[in-house]
Every structure is written in C-alpha cells, then in structure tokens.
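Protein chains: 2
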Amino acid sequence: MIQHIPSLEKLVNELAKLPGVGPKTAQRLAYHILRSPAAYNDNLRAALEGVKNSVHECARCFSFTENADLCHYCLDPKRTDESICIVEDPADIIRIDTSGAFRGRYHVLHGTLSPLDGVGPKDIRLEPLLERVTREPIREIILALDADLEGDTTALYTAKQLRGLNLTAQDGTRRPLRISRLAHGIPIGGDIDYMDYRTIGRAIENRVEL
Amino acid sequence: MIQHIPSLEKLVNELAKLPGVGPKTAQRLAYHILRSPAAYNDNLRAALEGVKNSVHECARCFSFTENADLCHYCLDPKRTDESICIVEDPADIIRIDTSGAFRGRYHVLHGTLSPLDGVGPKDIRLEPLLERVTREPIREIILALDADLEGDTTALYTAKQLRGLNLTAQDGTRRPLRISRLAHGIPIGGDIDYMDYRTIGRAIENRVEL
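So the protein lines, in turn, are chains A and B.
Under this note's numbering, the first residue of the first sequence is numbered 1, with each subsequent residue one higher.
Under this note's numbering, the first residue of the second sequence is numbered 1, with each subsequent residue one higher.
Incorrect hints may appear among the rest.
When chains are identical, the list treats them as one kind, so a pair holds in a single copy or across two.
[Said to hold, decoys possible] Calculated pairs, DSSO-like style, for lysine-lysine (alpha carbon to alpha carbon, straight line, at most 30 angstroms):
{"hint": "1", "residue 1": "Lys52", "residue 2": "Lys24"}
{"hint": "2", "residue 1": "Lys24", "residue 2": "Lys160"}
{"hint": "3", "residue 1": "Lys78", "residue 2": "Lys10"}
{"hint": "4", "residue 1": "Lys10", "residue 2": "Lys122"}
{"hint": "5", "residue 1": "Lys78", "residue 2": "Lys122"}
{"hint": "6", "residue 1": "Lys17", "residue 2": "Lys78"}
{"hint": "7", "residue 1": "Lys10", "residue 2": "Lys24"}
Keep in mind the hints are simulated off the structure, nothing from the lab.
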C-alpha cells in the first residue's frame with residue numbers, strides 16, 4: 001500500500017519486521033503512533049533505548065538481566081543450586097517460574113539444534129552448559145524444550161552430552177546426574193476430542209496411577 | 001507477569017499501549033526486540049523519531065504529510081477539486097484511494113461525533129470543512145464514515161451543516177452541493193448466512209436493478 005509519506009513508510013516497514021505483525025497491522029500501529037500524543041513516541045523510543053543500553057545476558061545462565069553480572073534467578077538465595085532447568089529462550093523462564101513447580105536455577109540455550117537450518121551445537125549455549133555442570137554441584141537437569149522436532153533433537157543431544165561428563169562430588173565420589181524432560185500429555189482443560197493421536201498416545205504411555 | 005528487569009518491563013508497558021497488543025503480545029514483541037541485532041532497535045527508534053519530526057497534518061485536508069504545506073492528494077493535478085470525500089482518519093484515505101473509484105480530494109475529520117464520550121462538533125475538523133466548502137468550487141461531498149452509531153450521527157450532522165451553507169458559483173449563481181454517503185450492503189465475497197439482519201435489510205432497500 002502506497003503511503004506517499006516516506007518516513008511513515010519507513011516506520012511501517014520496521015514494525016512489520018516484528019513477529020505476528022503483517023503489513024496491515026504495521027500500518028494500523030504506525031497510524032496509531034502518529035495520532036497519539038508526541039509523549040508516547042518519546043516514551044516508546046526511551047524504552048527501546050533503555051533495553052538496548054541496560055539489558056544483557058547473565059554471565060552464568062544466559063537469561064536476560066540488567067544487573068552488573070548475574071541475573072535475578074542466579075542471585076536468588078532461596079533457590080537450590082542442585083537443579084537446573086534448560087530452556088530455549090529467556091521468555092520461557094517466566095512461564096516456568098510462574099508455575100511455581102520449580103525453584104532451582106536456569107540455563108538458556110538461546111536456540112535449538114536444527115540441522116536443516118544449519119544450527120549446530122556450536123551455535124547454541126551448550127558448551128557453557130557442560131562446563132557449568134562440571135563445575136557446579138548440579139544433580140538434576142530438567143530439559144524444558146518445545147515438544148517439536150528441534151526441541152526433541154536438542155533434548156536428546158544435550159542428554160547424551162551430559163551423560164558423557166565425568167562428574168565428581170565435593171567428597172571425591174562420583175556425582176550422579178538425573179536428567180528428565182517435561183511430560184507430554186493432555187493440557188489442563190484440554191478436550192480429548194481435539195487432541196492429536198500422538199499426544200493421546202504419549203498421555204496413555206505416561207499414564208499416572210491413581 | 002514479573003520480569004525482574006525494570007527496563008524490559010517499561011518496554012512491555014509501552015508496547016501494550018498499542019491497539020490490539022495485550023500484555024502477552026507486548027512481552028513477545030519485547031523479547032523479540034531484545035533477541036534481534038542492536039541495529040533493529042536503532043532502526044525502529046530512528047523510524048519513530050522520523051515520523052515525530054517530519055509528519056504533520058496537511059494545511060488543507062488535514063491528512064498526514066511530510067511536505068511543507070499540502071499533502072500528496074491536495075497537490076495531485078489529476079484530481080478534481082469539485083468532489084471531496086470526508087473520512088474519519090488519515091488511514092481511511094489509503095483504503096478508499098486504492099479502490100480507484102474516487103479521484104477527488106479528501107477531508108479528514110480526525111474523529112467522529114460521540115456525545116456519550118463528550119466529543120462534539122468543535123472537537124473534530126468540521127468548522128474547517130464548512131469554510132473549505134464555502135471557499136473552494138466543491139459540488140459533491142461523499143461521507144465515507146464508519147457504519148456505526150458515531151459514523152451515522154456524524155454523517156447526518158455534517159450533511160445538515162453543509163445544507164445550511166449559502167454557496168455561490170464563480171458566475172454568481174447558486175452553487176448546488178450533492179451530498180452522499182457510502183452504500184451499505186453485503187460485502188463482496190460475503191456470505192448471506194453470516195450477515196446480520198440490519199445489513200440484509202439495507203441491502204434489500206438499496207437493491208440495484210439488473
């Protein structure tokens with residue numbers, strides 16, 4: 001669609017690069033910004049500049065933080081150092097943490113293995129994970145990756161690499177490592193009528209005794 | 001949702017003020033921006049600054065432009081000055097213009113009358129429209145407003161004000177003014193099964209001989 005206004009077209013183009021924002025939505029957003037008081041434009045730019053200048057990756061788990069070194073989750077004294085949960089993206093941490101079911105530390109891979117797209121083990125934060133597991137007193141790993149092909153591939157590869165590590169506890173004995181992944185099954189509130197057969201198959205395999 | 005990162009929370013809050021963007025979408029967008037190369041953040045801020053500094057309202061029709069005075073539509077020599085199309089928002093112009101069915105000038109009201117929200121005739125660009133119709137050789141007005149209560153109210157009020165004007169042609173005779181609004185009916189490709197009874201009623205009333 002021709003706008004006849006180059007600076008407006010530029011804004012529409014930039015907004016259309018955001019996920020889930022097509023050209024029509026981008027145009028609606030750009031016009032909304034134009035109609036809003038100038039202060040909104042200023043505040044939005046200041047917020048963008050804020051994240052650019054302040055937010056960086058945590059030195060230990062690679063989640064986002066604006067602390068000097070370690071993130072909120074790595075600094076929290078109420079969490080155990082013995083369990084870590086492996087996620088693909090920093091945003092996944094919020095989802096998992098609000099469930100309240102996990103109170104350990106995290107590790108963000110920043111991607112999943114995808115041989116078809118040329119994403120190999122060196123392209124995600126896997127090497128630092130292996131070093132971290134060797135160095136820290138970790139005894140449990142939960143792989144919280146998406147239930148798709150890339151997520152499964154990454155989970156299996158990561159588990160294999162972890163099992164190959166030679167871990168020692170503080171007293172010099174061999175340190176065991178429990179590795180698990182999230183359960184597959186029917187989501188809470190889910191209707192069996194609408195589930196695909198693979199989900200139902202997994203839910204039956206992993207059935208829980210009552 | 002708690003982010004534990006104040007600058008990220010600020011960005012999520014600003015993005016959530018955009019139309020159609022809820023807190024979850026805002027969070028997804030903010031994380032996407034964080035994961036993108038820093039150049040994207042820079043380009044988006046530059047584009048926002050660009051529209052803030054360059055785009056303003058056209059002195060004649062109040063659509064948006066970055067020209068010194070008049071907009072693309074007002075400067076176009078191929079358009080007739082005798083027909084003007086009244087719209088609520090500058091974005092409506094693009095939609096109407098790409099239809100190719102209208103090649104006159106535009107006038108943007110920047111809002112519709114809404115007594116319940118305290119929006120009266122002084123709050124929209126109605127007075128400049130009346131002056132413009134008196135001054136320019138306009139002979140046809142098309143009211144292209146939304147088919148809702150505010151749009152209908154604004155169309156009826158505007159038509160009444162326009163009919164009250166005392167217009168003279170260049171030769172000193174009375175200048176007639178044809179006033180119309182967009183037709184209501186079944187949208188192209190629309191399924192009668194899914195139309196509400198008021199639309200069907202209008203489509204029957206306004207039926208076209210074949």
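Comparing the hints with the structure gives:
Taking CA atoms no more than 30 angstroms apart as the test, Lys52 paired with Lys24 passes in both settings, with 27 angstroms inside one copy and 21 angstroms between copies. In the homo-oligomer, the alpha carbons of Lys24 and Lys160 never lie at most 30 angstroms apart, since the shortest distance is 46 angstroms inside one protomer and 35 angstroms across protomers. Taking the shortest alpha-carbon separations for Lys78 and Lys10, only the inter-copy value of 27 angstroms comes in at or below 30 angstroms, while the best intra-copy value is 47 angstroms. Proximity of Lys10 to Lys122 under the C-alpha cut-off of 30 angstroms is found in neither arrangement, the shortest distances being 36 angstroms within a copy and 33 angstroms between copies.
When the C-alpha separation of Lys78 and Lys122 is checked against a cutoff of 30 angstroms, the pair qualifies neither within a copy, at 32 angstroms, nor between copies, at 60 angstroms. In the homo-oligomer, the alpha carbons of Lys17 and Lys78 never lie at most 30 angstroms apart, since the shortest distance is 40 angstroms inside one protomer and 35 angstroms across protomers. Proximity of Lys10 and Lys24 under a CA criterion of 30 angstroms is satisfied in both settings, with 14 angstroms inside one chain copy and 26 angstroms between copies.
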